[in-house]
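Trainee: Read off the chains here:
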Amino acid sequence: MIGGFARRFLFRQASDQEAPNADPGLCGQMGEVVSAHFDEAFYAVRYWDVKGDLLEHFMTDGWRRDNDPAPWFSTSFYLQNNPDVAAAGLNPFYHYLEHGREEGRPIAPAEAISNDRSWELEIIRTKIDEKFYAEQLGSRGIEPAGHDLALHYWREGVLLGLDPTPEFSTSHYLTVHDDVARAGVNPFAHYLARGKAEGRSVGDNRTARREEPQSGVSYDRHVMEVEFDREYYLAAYPDVANAGVDPFEHFITTGWREGRNPNLSFSVSDYLDFYPDVAIAGINPFLHYLVAGKSEGRLPRHELGFRYEVIKSLEPLDKRVDRARRNAVGRKASSSARFGKALQGAKRLETKGLYLSVSHDDFTQNLGGVQLVLTREATAVDRMGFDHLHLFPAAPLQIAEVEVSDPLLGLLLNGKRLGFFRASDVERELGTISPKVRSLPFAIHSLLGHNAEALISIFKACGCKSGWYWIHDYSSACAGYTLLRNDVEFCGGPPSSSTACSICVYGEFRAQQMAAHQLLFHDLDLTVVAPSESALEVWKASLDVGAPAIVHHHIQLSVAPNKRGRSDHTSERVAPLRVAYLGQPVTHKGWPAFRDLAMRFSKDPRYEFHHLGKGRQPGVPVTFTEVAVGRDDPDAMVRTIHELDIDVAIIWSLWPETFCIAAVEALRAGAAILTYKDSGNVAAIVRRTGFGSVLDSEAALASLFESGEIIEHSSTWRPSSVIAEFSNMTADLIEGMAE
Amino acid sequence: MKVLCFSSFTFGYLNRARVMFASVKRYHPDWHCVALITDEPPAGFAWRADEAFDEVLFSVELGIPDWRQWLFKHDIVEVCTAVKGPYAHYACSLGYDALVYLDPDTCLFSPLDPILAALESSDICLTPHQLEPDGTRQAIIDNEITSLKTGIYNLGFLAIRTSGEGRRMAHWWSQRLVSFCYDDIPNGLFVDQRWCDHVPSFFERVAILRDPGLNVASWNLSHREVTIDQQGRALVNGSPLRFWHFTKLGNVGDTMTRRYAKTNFQVYELWSWYRKQVEMATSPSIPKGYWAFGHFQNSKPIPKSARELYRHRADLQRAFYDPFASGSGSFEEWLHREGILASEDDRVAA
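Note that the protein sequences, when read in sequence, are chains A and B.
Quick note on this note's numbering: the first sequence kicks off at 1 and runs consecutively.
Quick note on this note's numbering: the second sequence kicks off at 1001 and runs consecutively.
Check the hints yourself; a few may be wrong.
Which residues of chain A face chain B? A partial, calculated answer using Cβ under 10 angstroms [claimed, not checked]:
1. I311
2. D696
3. A699
Covered by chain B, according to a simulated footprint, are these stretches of chain A (three or more residues, beta-carbon under 8 angstroms) [said to hold, decoys possible]:
4. 299-305
5. 494-502
These are calculated hints, taken from the structure and not from any lab test.
Glycine residues also receive a C-beta, built at the ideal position from the N, C-alpha and C atoms.
This is chain A alone, in the form it adopts within the complex (with noise of 0.2 angstroms):
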């Protein structure tokens, strides 16, 4: 017989070289007999750290080391009350199957508890919640024998019923995972060695705990109600918030016949588009899945990718721009004496001299990186004594202007709105002052939303020769101004005529855009102005104007020496991992890579995930905190970062930003920075500094999670001490040029 094993080996290790899909459970008379009734979806959750052909282990090891083979056979009696078959070296469950049985020999079922299995023991002593514990069996008046509450819970709290933490339930766990049950393994243990893993759900004990529903309550409203998020249904909903009728009748009764959602997690069209037969079968999709569907497999979401969503409501941008230009009108321009007035009664132009800047919006209204930069510029502006002149397009748009060649155009003369005037009119009247005037050099922060001829005459009416392009994006060189292929992908900026271009919704427009640009660059003398050395990289490899070019921080980072580590300000605080998406939920700022990641690892004790910024989003579990960095709270951010004592900020960009203020807040707040590997220049910092790292995709980003590797590498790359010195933007530079 052992010769026979032998061979058969042997058979198998050939054959796995000559027909390595071939089953090796199968070859062979022993293994034949033995796979017919080894069960191995007992063996994988029991031994759930072997790794490979499962029969194969305990065939060639398992057995060797009493693994039991099925819940109803346990090898260590076999082999105890078989002497014969232990002396001979048998495989007591082949020598059963095929011998034992027929001679009456006795079997008894797998161990239940025994002294191999100390390492539930160890595994749930580390994660018990022995307060909450204690409570429980408090309750319940049960006194432990010995203060062990994790050895109590292990040899007999799973048979009561208890949990050992609030977030797990012992019930739940083995009702929904029967092959845990069935495996006879520690539920606790085993989701904290590999359920977790898995993905396994642990229901929540105030689920398990509901109280059965009332008489008269249908148990399909109740499976669906616990489920259900009135909160992220009202706010995804605005309609059925303004009608004010309750949520969750809205969704059981048309809800979901219209392709509303129960929750963020749950989504109707795809769950009836990917099963047809649920579709056809006329019933509520979140009811099916929750009592069926889901211990059938089936997915309540796609899981495409949220880059899939982007593509699918990509809108063109010709709608776009349509859609800006309604919204734009209704302002009015108002008369050219008026902006003349203005001129006159500002003083420092001729003593001192007018600076000319442009940008896409009135920075003063609105709060974004740019408009702080630009606000900071204009204070130094003031400060060195000149007056400030800042154009913005009445109607911002993505794209400049070419379909208007006198577009209106807003001013703010020193920080104060005067208006909005024909871009002649502005012309006419600069045209009017310019030999009093003492020009300097201007800044075109950009062009989105300019008319770039009607530009270029302006500057050349008040006497401006040359200035300064500030690349905060990529508008030059696309339509698209991330540089963001659908707005799913880091392009490159390549040639026009290639397949990514063609295929890519802003690549019709990619030509009007860059002759826009080239004709700034031909008809001024510009030098262009990066605030990143990455910005910059990017920019020339995507639009080759030939123009001089150089790199000026928005801020300049550096770190106080020997202080690199652990920042001081962090407690012992060991769990849980507090990782934070700040700004704006924003697709191109990878909000939905954090939400996603979130969303995973929700209910894992060892993370807690906080959203700081603006822009709610009902339904992800996060915990908000707003902040609102402005003018008068420039730090909030960092203050708030600092608070709350942010571990890991997750700055997913997709696209490579030019600066990337927020990263530079985390760092100066203390927290380590995840980042994407096409995010530009918070990669650069992220690879300069050490602090944080940058990252291939998604996946390797859960993977960090996953392991909880990143808890490790956090305490390393969190900074300490990061000195920020702020520029003044075109200040800088013109103060430069008086040196």
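Take the given structure of chain A and dock chain B to it, following the hints.
Mentor: Structure of chain B alone, referenced to chain A:
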């Protein structure tokens, strides 16, 4: 190499054909493009001034004997695939070196140089549906078993030399398609496609093209990864994407694409673009689902069962010379009289 490129379709697929031929002209401006149409223009339809194809040939001009009877026996897919053989055979004598057939729902993304290279040493080029075995049960059923039923090679693409084995194949194929181009999987027939399972056995100098950039579709996406590099090139498993087969534009195509593309989002970018291109190429004067040969004379749809009946019954073929006719003494009247055509239960032919 002088190449004639043709496609076979009806006016309902003209939008897709426009996108396909425009892509052919972009990369092969010298190819002569022929639209082989088995249809009649709908009322009010006018050709655009800038159609991407060079020539339109209505398949009635192929001279297939008993044209209307023959046509009646086939549904829309069967007939559009059947005429490919006779046209290919005919086109072998037009003075071109090679013929390339492309389905109207394909689209080029880079030059078809690997095909031209293959035609230097081979006379017939085919692309199999799959190039490697699948792993999961679902994929085996969706892909491998479907190919066993519908043909190993996808005849949305074919390239042949107009002489030698290519010409011989076109002749053989033409004969078979005139007689046996039906969707009858239980009897081993699937239109033009299954016939080509014979090609590597019957003919020499056959190249089975394994370039992953050729004929990419949902049925082989399980083994093909699409990327777009920073030079803007679409790549499939690292090789340039040559042409994509946007089969079953709509829910079914989307389902199969999603099932196998999964998170390969670049696939969805290509589909999103294609959908818009087809929309822009659609003539509003062509009604949805239009086909001149889908109805009896009285505009009632012809059910598939009626076509199949006529196909197999020589007596009916003799009795009803024009099976499309309506009114007294017509095949349609006979179908009603025999209770084969009920008024409400008719199914429109495919």
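Trainee: Work down the list of hints and note, for each, if the structure agrees.
Mentor: Outcome of the hint check:
no. : hint    : result
1   : I311    : 5 angstroms, holds
2   : D696    : 13 angstroms, violated
3   : A699    : 9 angstroms, holds
4   : 299-305 : holds (count 4)
5   : 494-502 : holds (count 7)
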